[in-house]
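Residue-level listing of the chains:
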Amino acid sequence: DQQVKQNSPSLSVQEGRISILNCDYTNSMFDYFLWYKKYPAEGPTFLISISSIKDKNEDGRFTVFLNKSAKHLSLHIVPSQPGDSAVYFCAASAQGGSEKLVFGKGMKLTVNP
Amino acid sequence: DAMVIQNPRYQVTQFGKPVTLSCSQTLNHNVMYWYQQKSSQAPKLLFHYYDKDFNNEADTPDNFQSRRPNTSFCFLDIRSPGLGDAAMYLCATSRDQGQETQYFGPGTRLLVL
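Going down the list, the sequences are from chains S and A.
Residue numbers for the first sequence follow this note's numbering, beginning at -16 and rising by one.
Residue numbers for the second sequence follow this note's numbering, beginning at 84 and rising by one.
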């Protein structure tokens, strides 16, 4: 039973445009959410996180939005750059992050020059 | 640079032949994790160590064991690999539990013949 779902396996956008990556979760106990980015032949690297007490967190070009009622979060990248091309994983945890991370399957983002 | 190192990057073993995967870290982190990621699937936590305390996930098969002889090293032992154990195995570390960033190694891809 997938508790964290990334329903679109891939996304292709033009350089300079906005990339929107979506993630849905089913476990209402999740209260801490993260995005990881993974380049080929490397391990995932932490990108940005958000606690359930917030609905938005911003770090430079990256913004994560959380809609608790819809059990949905999204990652916005503006403007998108070719170096953002990677696989992006959504992850969630309960108990303020003290429970294990549950990952989604990942979404491949391609940013075309 | 401080990092998480996994050796080997690729491992081929025979059906039923024990295999050991290695992870080391120079971050001096307290927590070390082992994840299994099958093709097009989400990374799945197998177990983790908080210092010397071993924490096994309930659904991790008995075939998978782990050792952490010291802070820097953690090993994943697969006692009798089956074809279904072919996957990418990711090691990660974090300074502590809770809302702490996990730092991932590049992974070891295991092939079972």
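Honestly, I wouldn't trust all of these hints.
Computed beta-carbon distance windows for the label pairs [claimed, not checked]:
{"id": "1", "chain 1": "S", "residue 1": "Glu(-2)", "chain 2": "A", "residue 2": "Ser122", "range": "26 to 34 Å"}
{"id": "2", "chain 1": "A", "residue 1": "Thr103", "chain 2": "S", "residue 2": "Pro65", "range": "21 to 29 Å"}
{"id": "3", "chain 1": "S", "residue 1": "Gln(-14)", "chain 2": "A", "residue 2": "Gly167", "range": "16 to 24 Å"}
{"id": "4", "chain 1": "A", "residue 1": "Gly181", "chain 2": "S", "residue 2": "Gln(-14)", "range": "18 to 26 Å"}
{"id": "5", "chain 1": "A", "residue 1": "Leu194", "chain 2": "S", "residue 2": "Lys51", "range": "22 to 30 Å"}
{"id": "6", "chain 1": "S", "residue 1": "Arg44", "chain 2": "A", "residue 2": "Glu183", "range": "19 to 27 Å"}
{"id": "7", "chain 1": "S", "residue 1": "Leu(-6)", "chain 2": "A", "residue 2": "Asp134", "range": "22 to 30 Å"}
What the hints contain is simulated information worked out from the structure, not anything from laboratory work.
This one's a predicted model, so the numbers in the text were calculated from it and none came from an experiment.
For glycine and all other residues, C-beta sits at the position ideal for the given N, C-alpha and C.
Hint check:
no., hint, result
1, Glu(-2)(S) / Ser122(A): 26 to 34 Å, "holds, 29 Å"
2, Thr103(A) / Pro65(S): 21 to 29 Å, "violated, 39 Å"
3, Gln(-14)(S) / Gly167(A): 16 to 24 Å, "holds, 22 Å"
4, Gly181(A) / Gln(-14)(S): 18 to 26 Å, "holds, 19 Å"
5, Leu194(A) / Lys51(S): 22 to 30 Å, "violated, 42 Å"
6, Arg44(S) / Glu183(A): 19 to 27 Å, "holds, 24 Å"
7, Leu(-6)(S) / Asp134(A): 22 to 30 Å, "violated, 40 Å"
Hint violations for this structure: numbers 2, 5, 7, all remaining hints satisfied.
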